[in-house]
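Enquirer: So the chains spell out like this:
Number of protein chains: 4
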Amino acid sequence: MIESTANIRVRFSETDAMGVVYHANYLPWFEVSRTQLMTEIGLPYRELQDAGFMLPVLEAHCNYKNSAKYDDELKIHAMMKTFPRVRIRIDYEVLRGDEILTTGYTVHAFMNRDGIAIRPPNFFLEKLAKAFGE
Amino acid sequence: MIESTANIRVRFSETDAMGVVYHANYLPWFEVSRTQLMTEIGLPYRELQDAGFMLPVLEAHCNYKNSAKYDDELKIHAMMKTFPRVRIRIDYEVLRGDEILTTGYTVHAFMNRDGIAIRPPNFFLEKLAKAFGE
Amino acid sequence: MIESTANIRVRFSETDAMGVVYHANYLPWFEVSRTQLMTEIGLPYRELQDAGFMLPVLEAHCNYKNSAKYDDELKIHAMMKTFPRVRIRIDYEVLRGDEILTTGYTVHAFMNRDGIAIRPPNFFLEKLAKAFGE
Amino acid sequence: MIESTANIRVRFSETDAMGVVYHANYLPWFEVSRTQLMTEIGLPYRELQDAGFMLPVLEAHCNYKNSAKYDDELKIHAMMKTFPRVRIRIDYEVLRGDEILTTGYTVHAFMNRDGIAIRPPNFFLEKLAKAFGE
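Chains as they are written, first to last, in my numbering: chain H, 91 to 224; chain P, 91 to 224; chain U, 91 to 224; chain L, 91 to 224.
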């Protein structure tokens, strides 16, 4: 497993009229921790894009257990639990202190500039293998 | 089954640097069609809130098949397929013409003003029974 | 003056923990009415983009008088009051019934694919002259 | 003058189809630095809210000079330049390194729980006076 934890402070813009964080706003937080995970293993998403690769989201899932509120300090934990073949799955936990507020996952695949789904490029798999300690 | 279809035109603010709609922005569209469905069966969410009830999202899921783009005219189709007991599940399809771009679902439960999960109130179940033709 | 009025229903995702629409969310509504104004005079922004032109926002301003709430039906009124030379200014009013909730304006300039500011292209000025009845 | 600088990394969700940050998304960043400024002078906005006070935005303005991009590290600089009487004005600068990308300001007034505009409460003015070194 490879993993990374990003720190977030809830913005007022992320709340809704129920007084808590709007449910869709957890997905951008997942992305913040995913971006950080990729950067830490030497594969900044920004560079992947510049090299002509995209990693669109094929599937997204959230389980909401408890609400985050304005100005809360949260940890967003991203985990790639298994070495990917074609599809890449990342799991997430949103924590306030020790309390898990939300869990979820996203599934991704590589796409080239023409929007065609492709296998993960070799440099990606090699960096990933190194991060997985293989 | 009860259902409703909302019409949406993609806003520029809903796109991202991949040139397509950002994946999290489908969830607010689901909510637009859910709001419309509730209003059409005589249960405007706004009135539920004023009466002290909330219907927070417990679970949300999206499957992305094809991308929506700026200025696309879309149909957001919301379907309550089964009569709910405690939890309420709504399924969604996002269509551009005949093409299904995204499918998904949300799961909800009733909550009172104190944030305590409660059973759906009777007036809700009665209106719903009528809409289901029971 | 050329003008257009778009109809909006406030989404739950656009509210914040004060129970009203978050102030930044008026700018995407301005864009909805701006998009509609451009389309109505035969200059869909989508086609401008495909032709290699962009109209980035140089300046944006909002005056908030009264709050919009979830599920409100609003009119977003966009007005190009003067024929543009280099910069294009559009004024906006957000109305609930007869009540003006918010006013504002945006200022734009043409930019080519390389991000260089350019004069408005001739076909744009011609369509605009026709719309202004000149 | 009192001031504070917040650090931001641009999220993918904040970009648009022009490949840069969507113009409305600078306003939530202004709020991040405003929240930090208030907290640093001992007046966390969260506590103001709990005490029944709100500080809605009456006016917002942005001047866009250059674009921020995905994954950019930015500084959001908030400045209260003059001691407020009834209205509170805060100025902002968004910086990438030494380059100013955007400037802007917001104007606020105090409001009580009933939505009535009120003068700033004494404890607010006292903390502020201390922060201004008066």
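Keep in mind that the hints are not guaranteed to be accurate.
Each pair may be met inside one copy or between any two copies, as identical chains are not told apart.
[What the hints assert, rightly or not] Subject to a maximum C-alpha distance of 30 Å in a straight line, what follows is the list of computed DSS-like cross-link-like pairs (lysine-lysine):
hint, residue 1, residue 2
1, K171, K155
2, K217, K159
3, K217, K155
Quick caveat, the hints were computed from the structure, so don't treat them as lab data.
Enquirer: A separate judgement is required for each hint: does it hold in the structure or not?
Expert: Do the hints match the structure? See the list:
1. For the homomeric pair K171 and K155, the shortest alpha-carbon distances inside one copy (22 Å) and between copies (24 Å) are both at most 30 Å.
2. Only between protomers do K217 and K159 lie at most 30 Å apart by alpha-carbon distance; the minimum there is 25 Å, versus 37 Å within a single protomer.
3. Proximity of K217 to K155 under the C-alpha cut-off of 30 Å is restricted to the inter-copy arrangement: shortest distance 28 Å between copies versus 35 Å within a copy.
Of the hints listed earlier, there is not a single one the structure fails to meet.
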